[in-house]
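Order-wise, the sequence lines are chains E and U.
Its first residue numbered 1, the first sequence is counted upward by one per residue in our numbering.
Its first residue numbered 1, the second sequence is counted upward by one per residue in our numbering.
The set of hints was computed from the structure by calculation and includes no laboratory data.
Just so you know, not all the hints are guaranteed correct.
The calculated lysine-lysine pairs, modelled on BS3-like cross-linking and capped at a C-alpha distance of 25 Å, are [unchecked claim]:
hint: 1; chain 1: U; residue 1: 423; chain 2: U; residue 2: 94
hint: 2; chain 1: E; residue 1: 34; chain 2: U; residue 2: 410
hint: 3; chain 1: E; residue 1: 140; chain 2: E; residue 2: 159
hint: 4; chain 1: U; residue 1: 410; chain 2: U; residue 2: 151
hint: 5; chain 1: U; residue 1: 170; chain 2: U; residue 2: 183
hint: 6; chain 1: U; residue 1: 370; chain 2: E; residue 2: 235
hint: 7; chain 1: U; residue 1: 1026; chain 2: U; residue 2: 1005
hint: 8; chain 1: E; residue 1: 159; chain 2: U; residue 2: 1005
hint: 9; chain 1: E; residue 1: 156; chain 2: E; residue 2: 235
hint: 10; chain 1: U; residue 1: 513; chain 2: E; residue 2: 26
hint: 11; chain 1: U; residue 1: 151; chain 2: E; residue 2: 26
hint: 12; chain 1: U; residue 1: 897; chain 2: E; residue 2: 34
hint: 13; chain 1: U; residue 1: 410; chain 2: E; residue 2: 26
hint: 14; chain 1: E; residue 1: 76; chain 2: E; residue 2: 170
hint: 15; chain 1: U; residue 1: 759; chain 2: U; residue 2: 631
hint: 16; chain 1: E; residue 1: 34; chain 2: U; residue 2: 170
hint: 17; chain 1: E; residue 1: 34; chain 2: U; residue 2: 1185
hint: 18; chain 1: U; residue 1: 1178; chain 2: E; residue 2: 26
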Amino acid sequence: MMATSYNAKDEDGHITVSGPGTMRSKKPENTAFKQQRLPAWQPILTAWTVLPAFFIIGLIFIPIGIGLFVTSNNIKEFEVDYTGVDVSSPCFNCSQNYMWNSSRPCTCSIPFYLEQPYQSDVFMYYGLSNFYQNHRRYVKSRDDSQLNGDLVSLTKPSKECEPYATNENKPIAPCGAIANSMFNDTLELFYSDPNGTLIQIPLSTTGIAWWTDKHVKFRNPAGSNLTVAFQGTTKPVNWRRPVYELDADPENNGFINEDFIVWMRTAALPTFRKLYRIINKNNNMIPTLPQGNYTLEVVYNYPVRSFEGRKRMILSTISWMGGKNPFLGLAYISVGSVCFFLGVVLLLIHYRCGNQNNSQDISN
Amino acid sequence: MSRRRVESPSSMEQPDDEVMPYSDDETDDELDVSSEEEPEPQDVHLPVEVKVSEMGWKVKANDRPYHHLPEFDKKVCLCFKKSRYAGNAIKTYKYNVITFIPLNLFEQFKRAANLYFLGLLILQVIPDISTLPWYTTLIPLVVVLGVTAIKDLVDDLARHRMDKEINGRKCDVLMDGRFVESKWRNIEVGDVVRLKKNDFIPADILLLSSSNPNSLTYVETAELDGETNLKFKLGLRVTDERLQEERQLAEFNGLVECEEPNNRLDKFLGVMQWQRERFPLDLDNMLLRGCTIRNTEHCHGLVIYAGADTKIMRNGGKTRFKRTKIDELMNYMVYTIFVLLILVAAGLAIGHTFWYEEIGANAWYLFDGKNQGASHRGFLSFWGYIIVLNTMVPISLYVSVEVIRLGQSKFINWDLQMYFAEKDTPAKARTTTLNEQLGQIEYIFSDKTGTLTQNVMAFKKCTIAGRNYGDPTTAEGVSLDRGKPVDWSWNQLADRKFEFMDHSLVANLRAGKDKDASEFFKLLALCHTIMVEHKEGTGELVYQAASPDEGALVTAARNFGYVFLSRTQDTITIKELNQENTYEMLALLDFNSDRKRMSIILRFPDGRIRLYCKGADTVIYERLSPNSRHKETTQTSLDVFANATLRTLCLCYKDISAAEYEAWSRKHKEAQLSMSDRDAALDRVYEQIEGNLLLIGATAIEDKLQDGVPETIAKLAKADIKIWVLTGDKKETAENIGFACSLLTDDMQIHYGEDVNEKLTVRQATRRRVTQTILRGKKKAAEPFFTDPGQKNALIITGGWLNEILYEKKKKRRRLRLRRLGRRAPPTSPQDGQPMDDWEKEMRQVDFVDMACECESVICCRVTPKQKANVVSLVKKYKKAITLSIGDGANDVNMIKTADIGVGISGQEGMQAVMSSDYAFAQFRYLERLLLVHGRWSYIRMCKFLRFFFFKNFSFTLVHFWYSFFNGYSAQVAYEDWFITLYNLCYSALPVLLVGLLDQDVNDKLSLKFPKLYLPGQQGALFNYKNFFISLFHGIFVSLIIFFIPYGAFLQTMGQDGEAPSDYQSLAVVTATSLVFIVNLQMSLDTSYWTFVNCFAVLGSIAIYFGIMFDIHSAGIHVIFPAAFHFTGAASNALRQPYLWLTIILTVGISLLPVICIQFLHKAIWPSVGDKVHRNRKKYEMELKEEDKKKPSAFERGRRSRRSGYAFSHSRGYADLIASGRSIRRRPQPSAGLQDSIREVPQREAENI
């Protein structure tokens, strides 16, 4: 501020433009807000509020934890690792193939035994470990416009897709590293009837993706049919088939192929599972997967051994809280117990220290 | 009015307590220049420019083209030249329409934080390292810049308006031979202007003539120096005589040569050439911009400096940029964070290098076609992480802090309890950047006059012939508890504002029975140097007093019926009750600070000659006649008055025979004519006649303290704030006020300059002995100066001693001597307390500050503005304490600017102090509320805000860090980009901002009741590195929870309908949601003052979060901008899973519970004062209410030992002027005398008598 405003009235922009008659008083308004007297609640952390809170939280958390834990334990889950690291494992041979696009598909079958029948719908997952789907460059390497059916992006994929944007001067559809590295093992499940016959279990390929993904986020480019729509583009380098040949069903083909959509929804952690198929319960009387021997037939395409990855197949039932995960239940139980315990400790401390402090006055 | 500043004689061994030390706020080089004023003709080394700058300013009257001659041009830039004479238009605004955007942006980017974010923005554009999209930084940056720009714009608009108003004021300017009304902005140097009564002076003007005799012009300089008594300015005799008419003025063509524009309000030197004669000019001829013309019909003047060249403008320009301690701390913390950021980013970059070698290089799916080595990728990752983790340095921190401070300032402005209704002055926070510093003040430096006191003297009591008057009584002399003031309606000439409680005295006087009383008031009406003026119209008397004390005494006499009516050069006319008498004034023996008395010798109408004398009791008692009566009774009364901290004066008289007078008069004349040492000779002569006096009585004047000053000081003292009084006043006055406002008490031992000097010298000698053997620089714990533990100490020190103690004077004098005698090596051996070098001087200063700080109170009197500032900066420097200066006048400006916080007392006429202050209000007592309530709140709020702000950003940002371990250190973020963009703006800003604005741990009444609550602020206990690291660890803890609980939950689960919820987007939603909940709930827990606004803000923030998230994740927005919004459906899919809600609840719970637990334990085991007050709030509030019901007891002034109550705030005033007779009637023109200034008056005085 310069010294020019040596007239007090000039301050604050209060210029008295007209005569002195219009001078209004500078008295501040007497409002609760301006005088900082807004009605307020001034809570204090007293023993009467804190201790009951701890006990109540303890009392709420422990049952929740127990509920979660029990639910989690009731979920049946079966997991089989078919990477083929071990020489003895059936997929060992296949896993030695580090090449993509090997003309000869390698198959292996893994037998396993389900000790318990799976009553409700069974969800079949593939799981990958040590697979950094959350790597920054990888996550970015996609073109959402293209996947949304944008025709311009279809022919001119975004720079983010590099180096999987074009191949042999043709735009790649779908472009990018995520699409390029799409999981392409085929898993089939056979039930060994007590009679010894192998029954292929029907696997539903639809309903595995989020509704929003399937209907909003992913859309095929407009065109009378997909082949035409994708004309002028080329398939991702690692793919065997172009995108419009992923499935025979037109509702599950192209960008809206659900396997593709599931893959495109990148995982948060380097160890993840993705829903592969659903085994729908057909009959209320028979369990979806009865107890017994099963065989997992794998068309082994997806190389993971180069980066020491693992591939798993998981079968799981589902509860209200999702899949099997004892972590949350245990966490709730322990937090609840700690709260309860803390409540007791605080109570003791309060009785020993609180009283003497309360009584003592402030020297002024 | 210290027009006469006496340079303390260099021959004196000890500093003179009465005079201001060598004065002026001269910087060293200025001092050097002034030394060149001494005749040094042989000094050929002096560069010629110095002389030019001394007298380089040429102004020619009525000749505008002259000032545009090429020789007066100065280069502006390159080849553009401009007249060096500024126009009178002032420009305080910074921007205009075109320059606003570029200039404002430039200014804003000068701030490190903004530049940092600009740098980040640039980094984000580089594709290789762009881990976050550009908008995450750009949007907050634009908002931040926008808010600041709008604020600047509003400020600048106000300045524009103000400039326009000032520049548009009207004034009469002589154009083409006649006066024309013109706007201020059109006035130019060399113009002749006419000013009317009560006009503001538009520029620095040389007074030519006025309607008063001798071109005397009264001005009110309140805006310059805060002194409300009128000053007079004199025109040169020659201009007074020859330039009265418009025609004469139009022909005036004098050429004024004077010094270049400068900022010294007390100095002006120039020469006017006119009609082949040269006339010296000095400050007495100048009317300065900012003053107001009073009591003068009109006056004419020549504009010497205009606009930016005027002294007031030169003074105001340099405002020091002040920062708060918190600001500094905050900056250091930001640097700490920055270092932390670099370390973390470097660590993660190394992690990425290794990860890439181990895993990344083998992962075919990550192949990106770039042939980059692991270390190269690590390097890129480093920058990537710098971007990702940039939110650790919170972008909105600075803007939020500014908003909070602005709010606090508004609250200060709005505070009704700091509004002074009488003058319609609300408190005003003039700077909005220092509020929290108000909660950390350790030292207050206060001016006295006008700050602690009202500068109003009231005649309170008197003792006449051994009888005391002044307590409320009836007319019969019966004492009352509560009297009503005397009704003065019988006396038409009475001053209605004067209040007196004792009816008996009036009754006695009117009855005419009491001879002593009438003599008493006659003396008061006669023995003074006041000038009187009759207001036209009403004919009311207006007294012009050199000192307010004297004014009070004469006004008292006036009301009691002894009215001083008029005076001529040698007569005084008074009205004694109903009879007008004229007394011949034979001699006026004026005050000076050594004599401490003044006398007047009068010839009564009946021919008697009588001497009236009034003066300090100590001086008068020595000169009383042995047969003077009432000595003991008066002494008792004097003690009583002194105990009540009233200022006393003894009144006495003496009859002189004609012969005796004749004899004395001869000697007097001789002395007046003596050429050498006239003052001393006069003093000796005065001494001869002032003996054998007969005591009449004594007066007691109250130097009215402002309301509530002692209470405020007591309260602030309880808050461990030390109050130093720095005043230009005399020692006695200062001491008196010290006692009056309970800074000094009787149980204190008061140390004066000599004592202090001795102690310091001893300390220094010891140090010298010690340091001769030990290496310098080693600091030992200082021993206390005052060893007696129970003893309270106080320091009263004068400016002269201050210089002595701090070696200021000697150093300067030596330097001057060196200049004259040629260079001489500094003394190598210690002698006569001379400092050997700077180190020793510094140690001496440290010692002094240490010593002063040991004292309960410190009073520095007779200090110059420069010294005031020096004292403040000493404490600032050596105590590292936060200081506050409070003052009202121009002499406080320096100290106000020096202290960490400057407070100006506004509502007074003077605005200089206010203009340079940071806070301004009308009454000293508001300081209590400003510090203990607003300061404390602001500090607590700011600390809480900062702690929380750092916490919320750590817990927000460090989640990325934990996530790094699971994404190959690839700088993948844990949240959605939009969340990162909006987190600091929308989701977490409002509650914490509101806490920063509204929080109160304890309400204002309790804050005032318990000054101890102020202590944490002084200790800086609420925000320091410890708190910072606590926030950091809290943030680390919360971020750990926020990441690892969802991690545990996500590791191997799936959604309730089988779809995998363990995707990245769901994780981002869960972590973000948890974070928003945790931050807002944590804020709720930390809020101690829950208003509906807070409630609204917390709920609102959470609601906004969900609202925005669902919008961003909606189908519609993805269809429109598929690339920017790709989290389609993530929120709805994730948040319909009960499992994820349970995860969120658990995360929130684990984050909050330990904090609650620790806080509870802390409050239970180590409760702070604030906690205790808070806990027992209800009880204390009840107590307060009860106290309010009880009538607050009046502040009692304790019983004190004997001391003199003499404290006349007197400076030699109008005596010379009266004697010269210039103001009274026009005298015939003396021959060719051009001695116009007051300084030459003694000669004339000699002629007159």
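Handout entry: Ascending list of hint numbers which this structure does not respect
Key = Hints 1, 7, 8, 10, 12, 14, 15, 16 and 18 are the ones this structure does not satisfy, whereas the remaining hints hold.
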